[in-house]
Every structure is written in C-alpha cells, then in structure tokens.
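Chains E and F, in that order, give the protein sequences.
Residue numbering for the first sequence follows this note's numbering, starting at 1 and increasing by one per position.
Residue numbering for the second sequence follows this note's numbering, starting at 146 and increasing by one per position.
Hints are computed from structural coordinates only; laboratory data are not their basis.
Hints may be right or wrong, so weigh each one.
With a Cα cut of at most 30 Å, we get these calculated BS3-like pairs of lysine-lysine [stated by the list, open to error]: (1) E:Lys77 <-> F:Lys238; (2) E:Lys82 <-> F:Lys251; (3) E:Lys98 <-> E:Lys4; (4) E:Lys71 <-> F:Lys217; (5) E:Lys109 <-> E:Lys71; (6) E:Lys109 <-> E:Lys4; (7) F:Lys217 <-> E:Lys109; (8) F:Lys241 <-> E:Lys52; (9) F:Lys217 <-> E:Lys77; (10) E:Lys42 <-> E:Lys4; (11) E:Lys4 <-> F:Lys195; (12) E:Lys52 <-> E:Lys4; (13) E:Lys109 <-> E:Lys48; (14) E:Lys98 <-> E:Lys48; (15) F:Lys241 <-> E:Lys98; (16) E:Lys84 <-> E:Lys48; (17) F:Lys238 <-> E:Lys98; (18) E:Lys52 <-> E:Lys98; (19) E:Lys48 <-> F:Lys241; (20) E:Lys84 <-> F:Lys217; (21) E:Lys77 <-> F:Lys241; (22) E:Lys109 <-> E:Lys82; (23) F:Lys238 <-> E:Lys109; (24) F:Lys240 <-> F:Lys251; (25) F:Lys233 <-> E:Lys98; (26) E:Lys42 <-> F:Lys192; (27) E:Lys52 <-> E:Lys109; (28) E:Lys84 <-> E:Lys109; (29) E:Lys84 <-> E:Lys42; (30) F:Lys254 <-> F:Lys241; (31) E:Lys36 <-> F:Lys253; (32) E:Lys77 <-> F:Lys253; (33) F:Lys251 <-> E:Lys52; (34) F:Lys241 <-> E:Lys4; (35) E:Lys36 <-> F:Lys241; (36) E:Lys36 <-> E:Lys71.
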Amino acid sequence: MNIKHTWSLDHPVDVVWEYLTTAELLAQWLMENDFKPIVGHKFQFHSKPVAKFGFDGNIYCEVLEIIPFKKLSYSWKGGPGKGKITLDSVVVWTLVPKDNGTLLMLEHKGFTGMKNFIGYLFMNSGWKTKIRKKFMAFLALKQKQ
Amino acid sequence: MSTQTPDAFQVLADPSRRQILHLLTKNSLTINALAENFDMSRPAISKHIKILNGAGFISIEDIGRERHCILKQDGFNEVQEWVHYFDKFWISKLKKLEIALDNRAKNKK
Numbered sequence: 001m002n003i004k005h006t007w008s009l010d011h012p013v014d015v016v017w018e019y020l021t022t023a024e025l026l027a028q029w030l031m032e033n034d035f036k037p038i039v040g041h042k043f044q045f046h047s048k049p050v051a052k053f054g055f056d057g058n059i060y061c062e063v064l065e066i067i068p069f070k071k072l073s074y075s076w077k078g079g080p081g082k083g084k085i086t087l088d089s090v091v092v093w094t095l096v097p098k099d100n101g102t103l104l105m106l107e108h109k110g111f112t113g114m115k116n117f118i119g120y121l122f123m124n125s126g127w128k129t130k131i132r133k134k135f136m137a138f139l140a141l142k143q144k145q
Numbered sequence: 146m147s148t149q150t151p152d153a154f155q156v157l158a159d160p161s162r163r164q165i166l167h168l169l170t171k172n173s174l175t176i177n178a179l180a181e182n183f184d185m186s187r188p189a190i191s192k193h194i195k196i197l198n199g200a201g202f203i204s205i206e207d208i209g210r211e212r213h214c215i216l217k218q219d220g221f222n223e224v225q226e227w228v229h230y231f232d233k234f235w236i237s238k239l240k241k242l243e244i245a246l247d248n249r250a251k252n253k254k
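Can you build the whole structure from these sequences, using the hints too?
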C-alpha cells in the first residue's frame, strides 16, 4: 500500500531541491527537523501526536539515498513512543525538470509490519478485483466505527 | 526444534486462505460452515485455519460446542489509518511547499 503524489511546481529543480534538503527550509513547510543531506544521517521530524492510532508525533528517519537535484529518500518510522515502532516506511522524492519548473513526485511506501502485507497483497493481480473491492469497502466501514 | 511459522506473505499466498479471510469479512463462521465453501477435507481446512490463526489474521473462539473463526481487525485498521493519515498529510504539506516557493519567488522580484 503506497501513497503517491505528483506536484507540478513553477520553480526550477535547484530551488525545489534546496527546500527538500535544507533543515531550516524544510521546517517552513514540512516539520521541525535536524535533517542533513548525508547518506546514513539519522534525523527526526516533530509534529502533532495522533492518539487514535498510537502516534507520538515523532518521525524517526535515516537518509537512504541522495542523487543531487534528482532523487532523495529516507526511512520514515513512527509509533506510540518509548522507542516502539509501529510504522516502518520509506519516503522517496523524485524531481524532474519540466519547462522552467519541476515535476515533484512523492512516494511514501513500504507500510510494513506483519499485518500490513495484506495491503500489499491487494495489489496483486492474483487477487480478484471484486473480492478486493469488497474487502476494502469492509475495512473502510470498520474504520468509521 | 521450533516449528517455523510462515510469514504473512506465505500465509496469504494460498488462495484458499485468502478465500477464508474473505468469507470471514461478512461474518464469523464455524470451521464446519467454512468447510462447506470448499472442496477439500475438514482436516485440510483445519490446517489452513491453524495457519491463519498462528499468523494473527484470525482468532478462534469456542462458543457453545462450536469453534468460531473471527477475523482480527486490529492490524488491518492500523495500516489503513496510517495510510489515510499520511495521504492527507502529504497533500497539505505539498501545498505548503508550493506556497513557500511562491513567496520566495515574490520576495526576490
């Protein structure tokens, strides 16, 4: 189960890149952080806690890949606190120059953990679409309750 | 020697086990009721149920004389909530990024 968003920006890749890789600029639009553009650097984002599903508001990250002006990825882990991790995922940013602007692609993937594989399996063609849809509708309903 | 528990992938790779989970989304069912949906022996069904139970996808409860299989929703809901939350989160953050970039460009002019 992945999240994907593509955003078209009227700003050149070098400027967008700066906003993705400078701690002070990241804080302006994303969250307070101690990011450094160094592979292996461990850092954190801080935001509001969400009690409903056990999220203390801290995101624990490690820089995984940097290709200047093209690609940036980091791990993205979170949980209810005290070092317990219930979300273990990866964020990947891809930048593509377009005219005078940038096509910015975000992929938030690998919502792993044992149970989470089920979401991944829904993507498999082996699972009939109809059954999948019914199951997803059921889950959505349960979530509202 | 400990018996090796199959991972979630292996558990769900089997179409019969996925079918069992699907049947359980509607209702909890007894092992016998589940078996009626399949063209296989009762021990074969029991084996699949044991695997699903071991992997935490379902729980088995004794109600009266019958053993009922119940779908566990905790794990499913958890991942749904994370995905739902971050999907919205990113849209709002990307909007903020766009605003920050626009403001920067304006101030430069």
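How the hints compare with the structure:
no. : hint                  : result
1   : E:Lys77 <-> F:Lys238  : 18 Å, holds
2   : E:Lys82 <-> F:Lys251  : 43 Å, violated
3   : E:Lys98 <-> E:Lys4    : 19 Å, holds
4   : E:Lys71 <-> F:Lys217  : 39 Å, violated
5   : E:Lys109 <-> E:Lys71  : 15 Å, holds
6   : E:Lys109 <-> E:Lys4   : 8 Å, holds
7   : F:Lys217 <-> E:Lys109 : 24 Å, holds
8   : F:Lys241 <-> E:Lys52  : 25 Å, holds
9   : F:Lys217 <-> E:Lys77  : 24 Å, holds
10  : E:Lys42 <-> E:Lys4    : 24 Å, holds
11  : E:Lys4 <-> F:Lys195   : 36 Å, violated
12  : E:Lys52 <-> E:Lys4    : 24 Å, holds
13  : E:Lys109 <-> E:Lys48  : 21 Å, holds
14  : E:Lys98 <-> E:Lys48   : 34 Å, violated
15  : F:Lys241 <-> E:Lys98  : 20 Å, holds
16  : E:Lys84 <-> E:Lys48   : 17 Å, holds
17  : F:Lys238 <-> E:Lys98  : 21 Å, holds
18  : E:Lys52 <-> E:Lys98   : 40 Å, violated
19  : E:Lys48 <-> F:Lys241  : 16 Å, holds
20  : E:Lys84 <-> F:Lys217  : 22 Å, holds
21  : E:Lys77 <-> F:Lys241  : 22 Å, holds
22  : E:Lys109 <-> E:Lys82  : 24 Å, holds
23  : F:Lys238 <-> E:Lys109 : 17 Å, holds
24  : F:Lys240 <-> F:Lys251 : 17 Å, holds
25  : F:Lys233 <-> E:Lys98  : 25 Å, holds
26  : E:Lys42 <-> F:Lys192  : 44 Å, violated
27  : E:Lys52 <-> E:Lys109  : 21 Å, holds
28  : E:Lys84 <-> E:Lys109  : 20 Å, holds
29  : E:Lys84 <-> E:Lys42   : 17 Å, holds
30  : F:Lys254 <-> F:Lys241 : 20 Å, holds
31  : E:Lys36 <-> F:Lys253  : 26 Å, holds
32  : E:Lys77 <-> F:Lys253  : 37 Å, violated
33  : F:Lys251 <-> E:Lys52  : 40 Å, violated
34  : F:Lys241 <-> E:Lys4   : 17 Å, holds
35  : E:Lys36 <-> F:Lys241  : 21 Å, holds
36  : E:Lys36 <-> E:Lys71   : 15 Å, holds
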